[in-house]
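Asks: Protein chains in written order, with the numbering used here: chain E, 1 to 231; chain Z, 1 to 190.
It should be emphasised that the hints constitute simulated quantities derived from the structure, not laboratory data.
Below are the DSS-like pairs computed for lysine-lysine, each with C-alpha atoms no more than 27 Å apart in a straight line: (1) K3/E x K13/E; (2) K73/Z x K52/Z; (3) K52/Z x K145/Z; (4) K145/Z x K97/Z; (5) K46/Z x K87/E; (6) K2/E x K120/E; (7) K113/Z x K97/Z; (8) K97/Z x K87/E; (9) K52/Z x K87/E.
Part of the chain E face toward chain Z, derived, beta carbon under 8 Å: (10) I66; (11) T77; (12) T80.
Computed far set for chain Z versus chain E, every beta-carbon distance over 12 Å: (13) Y51; (14) A59; (15) T86; (16) V155; (17) Q190.
Positions of the beta carbon are idealized from the N, C-alpha and C atoms, including for glycine.
Here's the letter readout for the chains.
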Amino acid sequence: MKKSSIVLDGIFKNNSTFIMLLGLCPVLATTSGISSAIGMGLAMLAVIIVSNVSISLIRKIIPNEIRIPVMIVIIATIVTVVEMVMKAYLPDLAANLGTYLSIIVVNCVIFARAESFALKNSVLDSLLDAIGTGLGFLLSVFVLALFREVLGTGAVDFKNFVNGETLFKFRIFPQEYAISIFVENPGAFLMLGLLVALITFLIPTFTNLKQKRAKQEAQKSLQANLVKEAK
Amino acid sequence: MAKKPLNNFILLPLFLGVTCLISAGLIAGVNSFTEPVINQRIIDQKNAGYYKVLDVTTADEPVDKYEDSLASKNITGKKEFSSGATLIGYVYDVTVKGYGGDILYQVGFKDGKFSGFNVITHGETSTYGGIVLAESGRLIDERIKGQDVESDLLVLLNGSDNLTVGKSVTRTALINSLTNCVNDYLTEVQ
Numbered sequence: 001m002k003k004s005s006i007v008l009d010g011i012f013k014n015n016s017t018f019i020m021l022l023g024l025c026p027v028l029a030t031t032s033g034i035s036s037a038i039g040m041g042l043a044m045l046a047v048i049i050v051s052n053v054s055i056s057l058i059r060k061i062i063p064n065e066i067r068i069p070v071m072i073v074i075i076a077t078i079v080t081v082v083e084m085v086m087k088a089y090l091p092d093l094a095a096n097l098g099t100y101l102s103i104i105v106v107n108c109v110i111f112a113r114a115e116s117f118a119l120k121n122s123v124l125d126s127l128l129d130a131i132g133t134g135l136g137f138l139l140s141v142f143v144l145a146l147f148r149e150v151l152g153t154g155a156v157d158f159k160n161f162v163n164g165e166t167l168f169k170f171r172i173f174p175q176e177y178a179i180s181i182f183v184e185n186p187g188a189f190l191m192l193g194l195l196v197a198l199i200t201f202l203i204p205t206f207t208n209l210k211q212k213r214a215k216q217e218a219q220k221s222l223q224a225n226l227v228k229e230a231k
Numbered sequence: 001m002a003k004k005p006l007n008n009f010i011l012l013p014l015f016l017g018v019t020c021l022i023s024a025g026l027i028a029g030v031n032s033f034t035e036p037v038i039n040q041r042i043i044d045q046k047n048a049g050y051y052k053v054l055d056v057t058t059a060d061e062p063v064d065k066y067e068d069s070l071a072s073k074n075i076t077g078k079k080e081f082s083s084g085a086t087l088i089g090y091v092y093d094v095t096v097k098g099y100g101g102d103i104l105y106q107v108g109f110k111d112g113k114f115s116g117f118n119v120i121t122h123g124e125t126s127t128y129g130g131i132v133l134a135e136s137g138r139l140i141d142e143r144i145k146g147q148d149v150e151s152d153l154l155v156l157l158n159g160s161d162n163l164t165v166g167k168s169v170t171r172t173a174l175i176n177s178l179t180n181c182v183n184d185y186l187t188e189v190q
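Only chain Z is shown next, with the shape it has when bound in the complex:
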């Protein structure tokens, strides 16, 4: 009679543990072949995005201007683009936490103005925060493209329809990280 509770005390956690181990192994196995595919696609999208946000079709090989201190500002990449001796502009890769998880985007600066905005990945739901990031962030791109970098970002993003109101987590993350990029760009060009 006393044997069963003791058996259960060991057997039940053991069974659950084995189930978890098998599951972890399966997930790790699938991840080992899906992760390279996902990463490669992100790299391809990023490479195409550099030209898109600078609004150019060709440029010389970019110069990597990334410094470790930028990591604390959510900036994961910074590239300087030139064509011969002429400076075209700068593109920042940014990863911030939105309401639905990480948002990976690029923002470009050219001649003291925003030259473009491009979302690589995000996890926002399509009917809420995702509205502002849909179609690779087309709405944000339209609102900031060609605007002076020292303009009020909140006013620029809100527009006349208060687009970003109500999406506080995502909005704050976007505005703070964009401000960090603007400040770094201003330091770079001054």
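Extracted from the complex, chain E is given alone in its bound form:
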């Protein structure tokens, strides 16, 4: 498997949120604004990279019978460390993410990558897989939060992770036209459903288009060969 496709698969083809629909609890809860979504995405990226690399490093010595508890201990340690560092240096972000930061411990995306990839592959491949999956998660929460915040408030408001002050605010349309349900809890389900439906519709369309083009090119080259042979 090509190194680049390991990363790209995690971002697009096997995107944990929009394609595999895994670990949706923090996705739904932390995407009411882009600041908390980016924070959650970065925390997840850090945890998945360290967990995949450490599990891959010791994969040959982990006894198969206790691989699950060992993985839980490793992932819980990484999440606790990330949480402590965030509380110390990014207090506002840590306060915004609240419990959802702690429950990364039981996020099935991290477990899935550890169990199905890091335990069976080299450290470099596991690192690339973690980068791909983490970036895929970051991209999905960012897209979801962007749509929710823009439709729900009419603006994009990016806050400082340290003190919660607004770094930049960009108004797209007046507040009175905003559909506030999108920044509320039901809006998370609605928007996720809409985006999943859109992506599910677009994937076969693009695949068919690609296949059609490949078919047309094959026919063209066949015709060109036939013409050549006839001459």
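Start from chain E and add chain Z according to the hints.
Replies: Chain Z in isolation, oriented as in the chain E frame:
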């Protein structure tokens, strides 16, 4: 053949034990440098909060009026603020258990009235109990500031929109601890 189960009986818990030990060491190591940063920030926020809840910009060095008996009422600090010979008011530091963990807040009293409310830290989720504690407890501050200390706290906090209904653990913790502070303040000034 009989050797393997015995080996596993010892080896598997040993491996898990070593993994836990390494993890505990790592967490302890990180905690040793993050804890002072977190504690210092809480101290800074508390010091700034004293003036905020009393709605004053300057005061003399506060007098520590804390007694051990207050610990059972979730009160972790009590300070008396004066300016020269004039008493400004009292500020209580409170730590209570909310639904999402410890809530650390300050409440101030001045001239028989609530003078302010300030949340230092809390672990409530932003869309549920956190709504009442967001922005350092601005909503609660707005509802109790300037109100007589003997007013019904539940009525004050609920307001017209039943703000605290449905957040029973956090609401009960807040109301009980605020009541404890009010009772102590009344004893202090009488």
